[in-house]
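Trainee: Make one complex out of these two single chains by using the hints.
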Amino acid sequence: MNNIMILIIGMMIVTYIPRLLPFIIMSDNEIKPNLKKFLEYIPYTALGALIIPGVFSATPELPQASLVGIGFCVIYAWYKGGIIIPVIGSIIVTFITLLLN
Amino acid sequence: MKRERIKYSYSNGFIDGLPIVIGFVPIAMTFGILAKTCSISLLEGILFSVLVFAGASQFIALNLLMVGAGIGEIIVTTLLVNMRHMLMSASLASRLTKDMKKWSPLIAFGITDETFSVSSFKHGTLTKEYMLSLEFIAYLSWVGGAALGYIVGGILPDIVKASMGVALYAMFAAILIPEVKKSNKALILACLSGVTNTVCKYILIIPQGWSIVISIVLVSLLGVYLFREQEVKEYE
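Line by line, the protein sequences give chains D and R. Residue 46 in the working numbering sits at position 46 of the first sequence, with consecutive numbering throughout. For the working numbering, count along the second sequence from 1 and bump the result up by 101.
Hints are not guaranteed to be accurate.
Taking CB as the label site, the calculated pair distances span [as the list claims (entries may be wrong)]: (1) D/30 to R/254: 52 to 58 angstroms; (2) R/160 to D/63: 19 to 25 angstroms; (3) D/82 to R/305: 19 to 25 angstroms; (4) D/32 to R/199: 16 to 22 angstroms; (5) D/13 to R/160: 14 to 20 angstroms; (6) R/196 to D/3: 18 to 24 angstroms.
Once the Cα atoms are required to be at most 20 angstroms apart in a straight line, the calculated EDC-like pairs of lysine to aspartate or glutamate come out as [claimed, not checked]: (7) R/203 to D/30; (8) R/262 to D/30; (9) R/199 to D/30; (10) R/203 to R/230; (11) R/229 to R/200; (12) R/286 to D/40; (13) D/37 to R/280; (14) R/199 to R/230; (15) D/80 to R/280; (16) R/202 to D/30; (17) R/282 to D/40; (18) R/283 to D/30; (19) R/223 to D/61; (20) D/36 to R/280.
Non-contacting residues of chain R with respect to chain D, defined by C-beta distances greater than 10 angstroms in every case (computed) [said to hold, decoys possible]: (21) 137; (22) 167; (23) 244; (24) 248; (25) 249; (26) 255; (27) 299; (28) 306.
For the record, the hints were derived by calculation from the structure and aren't laboratory data. For every residue, glycine included, the Cβ atom is placed at its ideal position computed from N, Cα and C.
This is chain R alone, in the form it adopts within the complex (with noise of 0.2 angstroms):
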């Protein structure tokens, strides 16, 4: 892959920051509703996403308290459901610039699902002003939306909040569809990824966490062995 040299900014990370906060902002929400109706204080609330600062784990706490569920059983499907972010992490990671070293530990904190995806599709330099730039609006929006919807409750009409909902998957897509164009490489690896997806959760009902790890895992070893003629043909 070329690596244009382009460095990015603070500013162009709250601009490809601001798809994301208009996906966290109503999620958010709803976990700061949901948190209060579980008799979690505001404090703690909002410690949970200061803190912790991944959705579907913090959602997945919420339905394990309200069933009862021990602790030591809620920190270990947390562990279970966040282990993708380490392949993610290892992806990013392989992209460091030595300025970037020193903030890694920061830079690690803020990478989820959103981050990862709009980063890792940036051609170019990736710079710690931008990965800095993009966790930290992500990271507000995520902070501030679990406030709002802790203290002021359900404002956003349900069909808002529905039609929200397809934020995220709007800007997953919205990635995804100018590397399809680039290459068949892209669509065939998100496809079966999908697909391997699909199977692993509704088929093979394997638990929350482990279908997406399985997903990746298995795809992109698949595609390191598709692809190896591929791209020897693409140096000569």
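Extracted from the complex, chain D is given alone in its bound form (with noise of 0.2 angstroms):
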């Protein structure tokens, strides 16, 4: 086995534990309340850290495109709702003012 595929292992093994443990700890203990507000809130928390600062470099080139794209996904589903349309219309948006400068 080469170092490469050594390397492809132990990085399958550190990526897949901590996905699987808390479902393992978890599924037989009652769950606190606390506990349980505060796993609510993850989704929540996540979002935010998985959108802030990173949405702000998503075109390095000229960051205002994607924040114009972002901008047309934010007012479409806040009036509109969906996924799908937010998501297709923000890479239309951000390839247009890309395009234009």
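Mentor: Listed below in structure tokens is the structure:
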């Protein structure tokens, strides 16, 4: 087995264990109300950290382009909802902005 | 939080996975192209995506390989970068229904920032059909994109690829917006977490992987403290 294969298998193990462990630990235990709250808030806090600050450098050569695209997405999602159209729309808006510059 | 009794099927998972596919394909192709330039074989390049299935850490691994880092160093870095998935898995595991338990080793494998974000905001009962189909289509686009990138190279013009780079951010934003409309709580938690992440990353210069974990843990804890009275009122 060469070095790259050892690396891949090592990475697989350290990637899979953090994903799997909570399912094993938590499946049989009763969850206390405060812990349950904490876990319920994770989707919101995870999204916040996934979006900010990364979104400001999504198109590094012209940061405004991605911000215009995301701006479209936010406004569309706010009034009309959905995910597919905001996503495709933001790509198109970003593309046009990049094209014009 | 009220959970309606909606049962999601395979097709719901596939449809909800489409924005992930749009976001994943160009990134996965970039990974395939980079893997080739790192003189990794086609099989190894594909196995990377098949076995590891973690975007950020795969790119970090290539970078570290290029600067001549050791295998141990790359593995430790990968572990740090993926610690956030432990929090996400814990959050999802708390919503696990009986019928999903048997499948949890497979469901756990498919947890990424994107599949987690899509599924955790799904109201109603999460089913194994939904989770597995959502994760499967994301996985397929990640592996397929990497293979395509390796074999055919840069068929997407740079400007198209750059535009598609906003797809995942747009998806995250589109998921968050309806929640923000429903309650201030979502907006406060997400903004605080984004600010904490920015401070950790750029001001405290905390290594990659930790800043997002710190943001999630700190702000979620803060949320438990901040919203404790509000919750009591909601039940009255």
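Trainee: All the hints need checking, so say for each whether the structure fits it.
Mentor: So, going through the hints one by one against the coordinates:
| no. | hint | verdict |
| --- | --- | --- |
| 1 | D/30 to R/254: 52 to 58 angstroms | holds, 53 angstroms |
| 2 | R/160 to D/63: 19 to 25 angstroms | holds, 20 angstroms |
| 3 | D/82 to R/305: 19 to 25 angstroms | violated, 37 angstroms |
| 4 | D/32 to R/199: 16 to 22 angstroms | holds, 21 angstroms |
| 5 | D/13 to R/160: 14 to 20 angstroms | holds, 19 angstroms |
| 6 | R/196 to D/3: 18 to 24 angstroms | violated, 40 angstroms |
| 7 | R/203 to D/30 | holds, 18 angstroms |
| 8 | R/262 to D/30 | violated, 46 angstroms |
| 9 | R/199 to D/30 | holds, 14 angstroms |
| 10 | R/203 to R/230 | holds, 12 angstroms |
| 11 | R/229 to R/200 | holds, 7 angstroms |
| 12 | R/286 to D/40 | holds, 11 angstroms |
| 13 | D/37 to R/280 | holds, 16 angstroms |
| 14 | R/199 to R/230 | holds, 13 angstroms |
| 15 | D/80 to R/280 | holds, 14 angstroms |
| 16 | R/202 to D/30 | holds, 15 angstroms |
| 17 | R/282 to D/40 | holds, 17 angstroms |
| 18 | R/283 to D/30 | violated, 29 angstroms |
| 19 | R/223 to D/61 | violated, 35 angstroms |
| 20 | D/36 to R/280 | holds, 18 angstroms |
| 21 | 137 | holds, 13 angstroms |
| 22 | 167 | holds, 13 angstroms |
| 23 | 244 | holds, 13 angstroms |
| 24 | 248 | holds, 15 angstroms |
| 25 | 249 | holds, 18 angstroms |
| 26 | 255 | holds, 16 angstroms |
| 27 | 299 | violated, 4 angstroms |
| 28 | 306 | holds, 13 angstroms |
Hint violations for this structure: numbers 3, 6, 8, 18, 19 and 27, all remaining hints satisfied.
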